[in-house]
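J.: The chain contents come next:
6 protein chains.
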Amino acid sequence: MKAFYPGSFDPPHLGHLDVIKRAAKVCDVLVVGVGGNPEKKPFLPAMTRCEILRAECGSLRNVEVVQYTGATVHWAKANGVQTLVRGLRSAADLDAEAPMASVHRANGFETLFLLCDPALAHVSSRIIRQVMAAGLSTEGLIPGRVHDAIRRWTAP
Amino acid sequence: MKAFYPGSFDPPHLGHLDVIKRAAKVCDVLVVGVGGNPEKKPFLPAMTRCEILRAECGSLRNVEVVQYTGATVHWAKANGVQTLVRGLRSAADLDAEAPMASVHRANGFETLFLLCDPALAHVSSRIIRQVMAAGLSTEGLIPGRVHDAIRRWTAP
Amino acid sequence: MKAFYPGSFDPPHLGHLDVIKRAAKVCDVLVVGVGGNPEKKPFLPAMTRCEILRAECGSLRNVEVVQYTGATVHWAKANGVQTLVRGLRSAADLDAEAPMASVHRANGFETLFLLCDPALAHVSSRIIRQVMAAGLSTEGLIPGRVHDAIRRWTAP
Amino acid sequence: MKAFYPGSFDPPHLGHLDVIKRAAKVCDVLVVGVGGNPEKKPFLPAMTRCEILRAECGSLRNVEVVQYTGATVHWAKANGVQTLVRGLRSAADLDAEAPMASVHRANGFETLFLLCDPALAHVSSRIIRQVMAAGLSTEGLIPGRVHDAIRRWTAP
Amino acid sequence: MKAFYPGSFDPPHLGHLDVIKRAAKVCDVLVVGVGGNPEKKPFLPAMTRCEILRAECGSLRNVEVVQYTGATVHWAKANGVQTLVRGLRSAADLDAEAPMASVHRANGFETLFLLCDPALAHVSSRIIRQVMAAGLSTEGLIPGRVHDAIRRWTAP
Amino acid sequence: MKAFYPGSFDPPHLGHLDVIKRAAKVCDVLVVGVGGNPEKKPFLPAMTRCEILRAECGSLRNVEVVQYTGATVHWAKANGVQTLVRGLRSAADLDAEAPMASVHRANGFETLFLLCDPALAHVSSRIIRQVMAAGLSTEGLIPGRVHDAIRRWTAP
Numbered sequence: 515m516k517a518f519y520p521g522s523f524d525p526p527h528l529g530h531l532d533v534i535k536r537a538a539k540v541c542d543v544l545v546v547g548v549g550g551n552p553e554k555k556p557f558l559p560a561m562t563r564c565e566i567l568r569a570e571c572g573s574l575r576n577v578e579v580v581q582y583t584g585a586t587v588h589w590a591k592a593n594g595v596q597t598l599v600r601g602l603r604s605a606a607d608l609d610a611e612a613p614m615a616s617v618h619r620a621n622g623f624e625t626l627f628l629l630c631d632p633a634l635a636h637v638s639s640r641i642i643r644q645v646m647a648a649g650l651s652t653e654g655l656i657p658g659r660v661h662d663a664i665r666r667w668t669a670p
Numbered sequence: 515m516k517a518f519y520p521g522s523f524d525p526p527h528l529g530h531l532d533v534i535k536r537a538a539k540v541c542d543v544l545v546v547g548v549g550g551n552p553e554k555k556p557f558l559p560a561m562t563r564c565e566i567l568r569a570e571c572g573s574l575r576n577v578e579v580v581q582y583t584g585a586t587v588h589w590a591k592a593n594g595v596q597t598l599v600r601g602l603r604s605a606a607d608l609d610a611e612a613p614m615a616s617v618h619r620a621n622g623f624e625t626l627f628l629l630c631d632p633a634l635a636h637v638s639s640r641i642i643r644q645v646m647a648a649g650l651s652t653e654g655l656i657p658g659r660v661h662d663a664i665r666r667w668t669a670p
Numbered sequence: 515m516k517a518f519y520p521g522s523f524d525p526p527h528l529g530h531l532d533v534i535k536r537a538a539k540v541c542d543v544l545v546v547g548v549g550g551n552p553e554k555k556p557f558l559p560a561m562t563r564c565e566i567l568r569a570e571c572g573s574l575r576n577v578e579v580v581q582y583t584g585a586t587v588h589w590a591k592a593n594g595v596q597t598l599v600r601g602l603r604s605a606a607d608l609d610a611e612a613p614m615a616s617v618h619r620a621n622g623f624e625t626l627f628l629l630c631d632p633a634l635a636h637v638s639s640r641i642i643r644q645v646m647a648a649g650l651s652t653e654g655l656i657p658g659r660v661h662d663a664i665r666r667w668t669a670p
Numbered sequence: 515m516k517a518f519y520p521g522s523f524d525p526p527h528l529g530h531l532d533v534i535k536r537a538a539k540v541c542d543v544l545v546v547g548v549g550g551n552p553e554k555k556p557f558l559p560a561m562t563r564c565e566i567l568r569a570e571c572g573s574l575r576n577v578e579v580v581q582y583t584g585a586t587v588h589w590a591k592a593n594g595v596q597t598l599v600r601g602l603r604s605a606a607d608l609d610a611e612a613p614m615a616s617v618h619r620a621n622g623f624e625t626l627f628l629l630c631d632p633a634l635a636h637v638s639s640r641i642i643r644q645v646m647a648a649g650l651s652t653e654g655l656i657p658g659r660v661h662d663a664i665r666r667w668t669a670p
Numbered sequence: 515m516k517a518f519y520p521g522s523f524d525p526p527h528l529g530h531l532d533v534i535k536r537a538a539k540v541c542d543v544l545v546v547g548v549g550g551n552p553e554k555k556p557f558l559p560a561m562t563r564c565e566i567l568r569a570e571c572g573s574l575r576n577v578e579v580v581q582y583t584g585a586t587v588h589w590a591k592a593n594g595v596q597t598l599v600r601g602l603r604s605a606a607d608l609d610a611e612a613p614m615a616s617v618h619r620a621n622g623f624e625t626l627f628l629l630c631d632p633a634l635a636h637v638s639s640r641i642i643r644q645v646m647a648a649g650l651s652t653e654g655l656i657p658g659r660v661h662d663a664i665r666r667w668t669a670p
Numbered sequence: 515m516k517a518f519y520p521g522s523f524d525p526p527h528l529g530h531l532d533v534i535k536r537a538a539k540v541c542d543v544l545v546v547g548v549g550g551n552p553e554k555k556p557f558l559p560a561m562t563r564c565e566i567l568r569a570e571c572g573s574l575r576n577v578e579v580v581q582y583t584g585a586t587v588h589w590a591k592a593n594g595v596q597t598l599v600r601g602l603r604s605a606a607d608l609d610a611e612a613p614m615a616s617v618h619r620a621n622g623f624e625t626l627f628l629l630c631d632p633a634l635a636h637v638s639s640r641i642i643r644q645v646m647a648a649g650l651s652t653e654g655l656i657p658g659r660v661h662d663a664i665r666r667w668t669a670p
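Chains as they are written, first to last, in this note's numbering: chain L, 515 to 670; chain Y, 515 to 670; chain G, 515 to 670; chain F, 515 to 670; chain V, 515 to 670; chain X, 515 to 670.
As the list makes no split between identical chains, a pair holds if one copy fits it or if it spans any two.
Derived DSS-like pairs (lysine-lysine); straight-line CA-CA distance at most 30 Å:
hint, residue 1, residue 2
1, 535, 555
2, 516, 591
3, 554, 591
4, 554, 535
5, 535, 591
6, 591, 555
None of these hints come from the bench; they were simulated from the model.
So that you can see chain L by itself, here it is in the shape it has in the complex (with noise of 0.2 Å):
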């Protein structure tokens, strides 16, 4: 089975690293699509993105990081996919996830939810821009090269 994990990633942190490692142990090959809204600035640029989720994952041989633009289900039906990933850190995630899940149900799409390590339940791309801009440690919610790139990318 084929699967693509879309997301924003901005930027990756250890709960997606995590939820990676894991789907591709499930899937013959796993596509993780680095998309996002184009009319947002992003936090860290698509391709720094891409290139940081590419080295992580460099030991994980069926995972490849593509950068996608439109809809989630254009890029799986021009490739392909049939299955999509995602991961869950709480019951207020599935209230969130829930819709698009049944209406790429409805469209042909399965969606596999998985339940995220429940010590990277509290992470999130969100908290980790907020932890950041706090000064806060870093330490158990992203990869040192993340931290590096956020510094490099928000610099004054």
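Given the structure of chain L, go ahead and fit chains Y, G, F, V and X onto it with the hints provided.
T.: Chains Y, G, F, V and X only, in chain L's frame:
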């Protein structure tokens, strides 16, 4: 990927069948495991639940139905399966499923969660038992053969 | 519109009375149905619960209190009522109520949910039983006559 | 009982129509109020939303559709309505609706909540806008005339 | 124990005052920190929010009100405080608070959560702003001096 | 401030110990109260639970462990404690805790909620009992001495 979908299926309902059909498309082999608490009097005998599920899934080539006792992961380990499948009806369901899924993950078993068809989100074995007890219509809740089996087993 | 407000009311509390008073303003006739599981020993006898509710609702002209057994919708159908009333204390309450409300809807019965007074959102029959067992103050939780009835029935 | 069902209905969808049809059975008169934030650019013009709702509800004799601005309860007070109607898709919906419903209650306005048809629990105006933007199928989400109106108004 | 209760308090409401009074009984010193996003136009000026809180808390000997900018934990660290206080209105509130509380814990700051008075569970600064905009009664939501200050600052 | 952390601790687990250690930093004295339903057969005898907690908390100078029966607030009142401590694993936990916390507040007892370490959010006494029954690894769930005690008491 070979996956195990454990449950008590007491009785099996359309929500279960929806999960089975969709999981079967994603997995190479899907084993439906009919378990349950052996110390609790079942609503339908385990053998009947297995027969119903086998009959309903007859057209799905890669689905097997087995009866098992004991812990879910014992069966999984003994049969070389490392991936579990569970359906989610709601955020409250995830709250109930998450602790054991985390324990399973820590013991090397991954759980794939499938969001159920919204039209079946209110359907559970428990509600079926209440609906049957109240003599309400089971249309859209269970297949005809489940209805017949319940009538047979719960007749005075 | 004639509506039916079913429950076990074991014991009746201020949250119930708040729902009754407000529903009575919306409905032409409101029938409060005192039911409950006949196989479970009640905290207060059904007749006592009915008497309390009748006394508390004495000034509400369009409210009737009846005792019933069996499925809620059997009573409703036999008495020409197609609208049910239920109170909601919290999101968790809705999760618990939703499946049966969906079944009722599919069988032709509509459920009107009223959000309880926030000041009473923590009040349930179960918490009343715990509060009475612990000898804590029931002020703001139950009317005086419920307190007296419980003392009478639970005295050793 | 005369009731007011306020919303932005931008765009109207099958979930709205389900609530309208069911509420119309319970109420003597149901007024559907097309409001929304006047400072936010709408997806469909308010007049178009009203026309669609009027056309869809044409067969419901006791349903009126009005456009209104300002606070919901101002309209209600000015038109002698004390009962509001709102649909609930999920527990998360109730969390979002509860504070204003409590404020309305304290100001003398009752809110009747109807649980939406489970098959439509994932349908919101927001998801319709995303589905249309993504070019996905809107079957089972919106009536044909909404689809046509959106195409007309969002065409470049 | 010295504790810090951070918030934007824009405007302060009875729910805030309830948390302050109760936290003040538990703590040796309670510092109420009026912060907020400096890039967002406030509803009331920070100085006004501080004045209101100081006036309302005048009788609480161990409560101080300070204005601060920047990350909450910067203020805490600079002032030798390791304990934070936050109010919880509902389960949804906890979902929103939990990620940052976990980050704070990992950085050496403990958060004490107090469940708000149920009668104030629907009260938030946001709902106050909506209630004032709609011209609804603020009785039971904000102290009189908050009402006056808002009228003064939002008058055209 | 002297606080009381009541629970059944059946068995004690790492989540409990995390709450105890963190609460002990905030309180002058923390009394851990081992209670539970006297009519229910415990998993571990109360005395064993006390011994385990005393041994695990030996290095915390301001922590005492007591066994108590009856209502939590009876013990608290008799021992001059007005502050209770409870851990929260999730939003669902808060839903379960909130009603009694509100009753306690109305009776003069404040409850301080501590959010548990995310890495332990899935750990409950109930899941420990299931994990032990299933023969799964308890690493990261309970201290070694709890494991040994359970083996001793549950051996056939």
